[in-house]
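Peer 1: Chains as they are written, first to last, in our numbering: chain A, 1 to 118; chain X, 119 to 228.
If you're looking for bench data, these hints aren't it; they were derived computationally from the structure. Errors might be hidden in some of the hints.
[Unchecked claim] Listed below are the simulated SDA-like cross-link pairs for lysine to any residue, each with C-alpha atoms no more than 25 Å apart in a straight line:
#1 Lys42(A) - Gly172(X)
#2 Lys42(A) - Leu129(X)
#3 Lys163(X) - Cys13(A)
#4 Lys185(X) - Thr213(X)
#5 Lys160(X) - Ser54(A)
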Amino acid sequence: GALVYQYPRRTICKSGTSMRMECQAVGFQATSVAWYRQSPQKTFELIALSTVNSAIKYEQNFTQEKFPISHPNLSFSSMTVLNAYLEDRGLYLCGARGQGAISNERLFFGHGTKLSVL
Amino acid sequence: QQKVQQSPESLIVPEGGMASLNCTSSDRNVDYFWWYRQHSGKSPKMLMSIFSNGEKEEGRFTVHLNKASLHTSLHIRDSQPSDSALYLCAASTNTGKLTFGDGTVLTVKP
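Throw the hints in and build the complete structure from the sequences for me.
Peer 2: The structure is reproduced here in structure tokens:
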């Protein structure tokens, strides 16, 4: 079946340091990958969206300088949170879509990477 | 920027009762609505999606969509304590962007 793996599940970093998280789509060919952050208050924010043959598009309030994303292909994506501070805490979710029309393919989520900042 | 509004913020229903959750998008380019359920400490799992006007039923779950008003609702009949979770509504456009609402916390009391 289709799965999305995220690593690590939890991480703690000191304020001002950086941490990298990874996402891998297994069992299907991802055609788009989105990174979301769910705040401790449970609010969802889209950080960035990558689709086949287009550049990574960052949402308002999120920048490549702060959240650089790299992926050799859409089945594997990594994102780094640079200079993490308290406001960066939350659950970082990777969602991947498979082949088919972009809008009507369901988004599979990984378990997320929970980031705590000390 | 597209906004997805969900209401109510929280809802308590008795076991066996009907839970009704609402969601509206402000983006005319939206073509699909999705309902996800997230149990505490878990990742969101898709419940149902809808793109046509009308109603779609799967077991105890029914989704309605009014495309003119970009309003969708999720109804859970015979609610069970295991249905207690955060219910997230999301809207997608043909660019592939999926925008989530802030969710409705459903509590089903035994």
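Peer 1: Do the alpha carbons of Lys42(A) and Leu129(X) lie within 25 Å of each other, as the hint requires?
Peer 2: Roughly 16 Å separates the two Cα atoms, so the pair holds.
Peer 1: Below or equal to 25 Å on CA atoms is what counts here, so check Lys163(X) against Cys13(A).
Peer 2: It is violated: about 28 Å lies between the C-alpha atoms, which goes past 25 Å.
Peer 1: Next pair to validate is Lys160(X) with Ser54(A); report whether the Cα-Cα distance is within 25 Å.
Peer 2: Status violated; Cα separation ~31 Å.
Peer 1: Assess, step by step, whether the Cα of Lys185(X) is no farther than 25 Å from the Cα of Thr213(X), and give holds or violated.
Peer 2: Since the Cα atoms of Lys185(X) and Thr213(X) sit roughly 18 Å apart, the hinted pair holds (cutoff 25 Å).
Peer 1: Please work out if Lys42(A) and Gly172(X) have their alpha carbons no farther apart than 25 Å.
Peer 2: violated (30 Å)
Hints 1, 3 and 5 from the list above are not met by this structure, while the remaining hints are.
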